[in-house]
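Chains as they are written, first to last, in the working numbering: chain A, 1 to 240; chain B, 1 to 225.
Treat the hints as calculated values from the structure; they're not laboratory data. Even for Gly, the Cβ is constructed at its ideal location relative to N, Cα and C.
Label-pair distances were calculated between CB atoms; the ranges are:
no., chain 1, residue 1, chain 2, residue 2, range
1, A, Pro169, B, Ala204, 56 to 62 angstroms
2, B, Ala204, A, Leu74, 53 to 59 angstroms
3, A, Asn14, B, Ile35, 40 to 46 angstroms
4, B, Pro145, A, Glu136, 17 to 23 angstroms
5, A, Glu185, B, Leu118, 39 to 45 angstroms
6, A, Glu136, B, Pro13, 52 to 58 angstroms
7, B, Thr134, A, Lys184, 32 to 38 angstroms
8, B, Phe51, A, Thr225, 54 to 60 angstroms
9, B, Pro145, A, Gly186, 32 to 38 angstroms
10, B, Ile31, A, Lys69, 39 to 45 angstroms
11, B, Gly123, A, Glu185, 26 to 32 angstroms
12, A, Lys69, B, Asn48, 17 to 23 angstroms
13, B, Asn48, A, Tyr54, 17 to 23 angstroms
14, A, Asn61, B, Gly211, 54 to 60 angstroms
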Amino acid sequence: MINAKNVKKSFGKNLVLKGVSLSVKPKEVVVIMGASGSGKSTFLRCLNGLEKVYSGEIYINNVEITHNKTNLNLVRREVGMVFQHFNLFAHLSVLDNITIGPVKVLGKSKEEAENIAMNLLKKVGLEEKANNYPDELSGGQQQRVAIARALAMNPIVMLFDEPTSALDPEMVGEVLSVMRNLAKEGMTMIVVTHEMGFAREVGDRVVFMDDGQIVEEGSPQEIFTYPKQERTKAFISKIL
Amino acid sequence: MGGFFSVIWQNLPQLLYGAKLTLFFSVVVIIVATILGLIFALFKISHNPVFKKTGEVYVHIFRGLPLLVEIFYIYFALPMILPLHKWFDPYFTPIAGILALSLNEGAYITEIIRAGILSIGKGQTEAAYSIGMTKYQTMRYIILPQAFKRMIPPLVNQFIQTIKDTSLLSVISISELTRQGQIIISTTFASLQIWTAVAVIYLAMIFTLTGISGYLERRFKIDKR
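Construct the complete structure from the given sequences, taking the supplied hints into account.
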């Protein structure tokens with residue numbers, strides 16, 4: 001479903017991705033871990049074209065998104081993304097945040113989009129907040145709305161870029177539980193996170209990145225209990 | 001004391017006619033300058049080097065020159081190389097005035113709009129892209145509505161400036177408020193009374209605009225989202 005081949009990316013002279021290859025099967029939940037600066041967020045952002053790759057190829061559902069002629073807007077409709085800082089549209093109500101994509105991008109009617117949005121809000125437990133504005137919600141609530149906004153586009157894969165890193169500890173749980181349910185329903189997910197518990201419980205595969213490369217990958221069990229590489233061992237011992 | 005006000009009273013219709021022209025030029029210039037400002041602001045933030053440079057050159061030139069020089073240039077100098085006064089006869093004078101003012105105010109408005117757009121965090125753009133919005137949709141539905149609220153105070157400032165700047169049109173014999181004042185004084189010599197009346201009319205127009213902007217700010221809850 002997702003196939004990245006030898007992806008390289010540089011910011012100026014600084015090569016931040018030194019050839020990353022990863023393939024993800026439908027319904028798989030892949031957790032990417034690694035120290036900050038290891039390139040994991042950059043790699044994730046390459047997967048929906050928010051960052052342009054320097055070389056290498058990325059295929060999503062057999063469409064090469066790294067090709068010059070690919071219409072990225074069409075690709076992004078199918079790739080949901082959740083950001084560390086939520087990035088809800090500050091001038092729109094919770095409901096409008098969720099409906100604007102289906103209405104403006106997919107051309108759905110307002111009623112249909114609102115139906116979808118209310119169902120999604122129910123799913124993330126925030127029906128009663130439909131008419132509030134983002135700045136009236138807690139961080140955890142905002143992140144759940146952001147997940148609903150991405151889901152409203154009916155994506156084939158969801159990318160999560162450190163979705164709980166900006167949250168107060170007591171709000172991490174509510175966001176992870178929404179993500180856990182999503183995984184159970186069979187959503188394909190790629191999650192950049194430091195949440196070991198989540199990775200262990202929900203992840204089918206853990207990918208450990210360091211210095212712009214994938215150092216090691218395997219089941220959560222393998223990575224957390226029997227890491228092979230020195231760099232993985234050092235990282236795991238630090239976050240345990 | 002009755003004599004002090006009677007000269008104003010007698011000439012009030014002429015002053016109000018001038019005020020009407022001032023209002024007309026202000027409104028037209030504000031509209032044209034805002035459109036210019038939006039276009040050149042989008043040029044300046046564009047990644048296309050030609051657009052970007054065009055926007056930069058525009059702002060440099062029209063913000064860099066005294067407004068009075070721009071008016072003289074368009075009214076007196078430009079017709080020497082382009083027969084604008086023949087093409088637009090008999091409306092060349094008002095058109096030249098509107099053009100000069102709009103180009104000048106537009107340069108300032110370009111910077112106001114650009115600053116407003118840039119003040120909206122990159123995360124908003126990325127979020128819009130991530131749900132498949134085009135650049136146009138992102139600008140139209142996500143960035144500009146948020147940026148506009150932040151632009152209201154500096155824009156109102158610029159609009160007030162515009163109203164006052166229309167007084168310079170008196171130098172090319174456009175019979176706006178200031179010019180009417182001069183004309184009346186040339187026959188009545190009542191400088192104190194007439195300039196007082198002119199000043200009061202200008203203030204009335206500007207207070208009205210300030211009132212409207214206060215309403216807009218409350219309506220859009222500027223200090224909130």
